[in-house]
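Colleague: So the chains spell out like this:
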Amino acid sequence: MDEFDQVDILLVEDNALDAELTMRGLQNEKVANNITWVKDGDEALDYVFRRGVYEGRKGSGPRLILLDLKMPRVSGIEVTRVIKADERTRRIPIVIMTSSKEESDIAETYALGANSYIVKPLDFEALAAVARQAGFYWLVINHAAP
Amino acid sequence: MNVLSRQKSVYRKLLIVVLSTTAFALLLAGIALAILDLRSYRQGWIAELTTQADVLSLATAPALEFEDPSSAQAYLDLLKAQPAIIGAALYTANGALFATYTDGDHADLAFPRIPELDGFRTARNQLDLFKRIDSGNEILGTVYIKARYDIGARLRDHASVLAAVLLLSFGITLLIARPLQRNVTRPITEITKVARDVIEKRDFSARAPRTTEDEIGVLVDAFNGMLAEISTRTEVLEKSNRDLAHEIGERSRAEDALMASEDRLLALNAELESRVAARTSELEAANKDLEGFSYSVSHDLRAPLRAILGFSALFAEEHQTELGDEGRRKLGIIRRESERMGRLIDDLLAFSRLGRKALQPVSLDMTALVQSVIERLKRDDGACRTEFRIGSLPQSRGDQNLFEQVWLNLIANAVKFSSKRETPVVEIGGIVHEQEHIYYVRDNGAGFESRYSARLFGVFQRLHRQEDFPGTGVGLALVHKIVTRHGGRVWADGKPDAGATFHFALPKEEADG
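As you go down the protein sequences, you meet chains A and B in turn.
Number 92 in the working numbering belongs to position 92 of the first sequence; there are no gaps in the numbering.
Quick note, the working numbering runs 146 ahead of the 1-based positions in the second sequence.
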């Protein structure tokens, strides 16, 4: 497998500014080489299951999904449900990154099999740090399922 | 049959009484007279016949002595002069018939064959008498006389006289009874008539005339008095009947009205209840809407804020050299204000979340809660000079996280508002009351004007300027909401520049000490 083709992180975020800030935070510390950003849940599922515009995309992965909850069309909760219900994809760690501290959201996503739940800090430094730490943990420290 | 039966009039009864009394008296008198008369008749007749026999025996003694039947016969025949004597006979001393006599009607009369001893006997309206004839010491024969002895005829005579007397007395009695009736029975008849009128016509004004002064007069008076009494009573009764009927009418009308108003009340109640239910569900829906709204607003507000903060940070980082001190100061303002807005949004979010969160009440060790809060405050602010005085705090039941928030908000407030004192003091204590536990947090800080105390607990309500004491104005609103949700109450006392005391009270529960 070509190391450069490997997608490390799939960032699912409808807010472009948030996405840019998050990616800046991740890239600053060179946690991941490849970060792919998709704008909503629908696109995320297309990407993961290689369909639609992503049919026959190159590379494997992703090794980690950073997932926003509040998105138009298909929500983060729905994305979690579909990915964690599919035998081929359910081992991909999903880290929920949202501004919602809503307890029902936390409970529901964990019940569906989400691996982490992070509330996005307002402060950029804090946000960058959180994103970095999550990526570092799941991609470097954690030993992924075979 | 009873002669004084109930149906007969008083007059006739009286008449019967008088007549029967008269008849009875006369009858008794008649019988007594008859008995007396019969006795004297019998005695007189026997004496007469005995005398006759004596005369005969004297007269016929020589004829018997000399056995001369013809002269004896002549003496016997003299008896014709006495028609009551039916027959007579002479017997010799040895008992043989010597001479006989019969009147014309009884020629076939049978004489006893032998004479009997002296004496008489009566039988079948006849009297037989024997009398011994003697001459001093020698019995010469016996005289026998048979005479009429008609008691029956005599009795019949008596009876007819008695009947005549009776009839006469009855006639006289009837004549006497008439005026008697006038005196006695007429007033009674009058009363009877009046009574009948009263009964038939129900006319209690009728009165019986009083004609005598005797018991009947008294009876008439009593009767009239009774009528008057009945008349009054009847009037009273009729009046009370009318009143009663009126009252019954009133009552039934009132009852109808009551039932109608009860129905209306029920309908009104039902309407009210349904209205309350509708309003409640509307309110609940509105509350939910509001909470959902404030939640999504604060949620969506965070995104642009994050962008502002994030990109100003990137800007500061990437254009560090081009920025002068002034540029950095302005960027700093942007950053600080954005952060403050973030806190506002966070608080608003917490406030909104509180309404929807289910309470998880546990037994609360308030002292431990307060101590952990103070430790946290001291940790966050290393330069904290505040002196904390913690009194005894009774236990209560409540949601642990929420009460940690309550204590944090109250104590942090107290610390904040007393921070400008030389020696800031925050006093925390509790009072056990009969119905509730009261907790308070007192500071010696800036205080407030007591007329604004009610406004303190409103959302975004602030009594101090942001430059003096920064804050979002959500903390006390949060305290109010949490305590209220636990069935408690909050209030505050204060004076400008003389400190403030914030109280909250929780209802005492059975499990509490």
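You may find that some hints are simply not true.
25 angstroms max Cα-Cα, derived BS3-like pairs, lysine-lysine [unchecked claim]:
(1) A:K70 <-> A:K39
(2) B:K503 <-> A:K101
(3) B:K627 <-> B:K434
(4) A:K101 <-> B:K627
(5) A:K70 <-> B:K627
(6) A:K58 <-> B:K503
A few chain A residues that face chain B, going by a derived Cβ cut-off under 10 angstroms, partial list only [said to hold, decoys possible]:
(7) S116
(8) K120
(9) R132
(10) Q133
Honestly, the hints are just simulated from the structure, not real lab data.
C-beta atoms are modelled at their ideal positions from N, C-alpha and C, and glycine is treated no differently.
Colleague: State for each hint whether it applies.
Modeller: Verification of the supplied hints:
no.: 1; hint: A:K70 <-> A:K39; verdict: holds (11 angstroms)
no.: 2; hint: B:K503 <-> A:K101; verdict: holds (12 angstroms)
no.: 3; hint: B:K627 <-> B:K434; verdict: holds (15 angstroms)
no.: 4; hint: A:K101 <-> B:K627; verdict: holds (20 angstroms)
no.: 5; hint: A:K70 <-> B:K627; verdict: violated (28 angstroms)
no.: 6; hint: A:K58 <-> B:K503; verdict: violated (46 angstroms)
no.: 7; hint: S116; verdict: violated (19 angstroms)
no.: 8; hint: K120; verdict: holds (7 angstroms)
no.: 9; hint: R132; verdict: violated (14 angstroms)
no.: 10; hint: Q133; verdict: violated (17 angstroms)
Comparing the model with each earlier hint shows violations of hints 5, 6, 7, 9 and 10; every other hint is respected.
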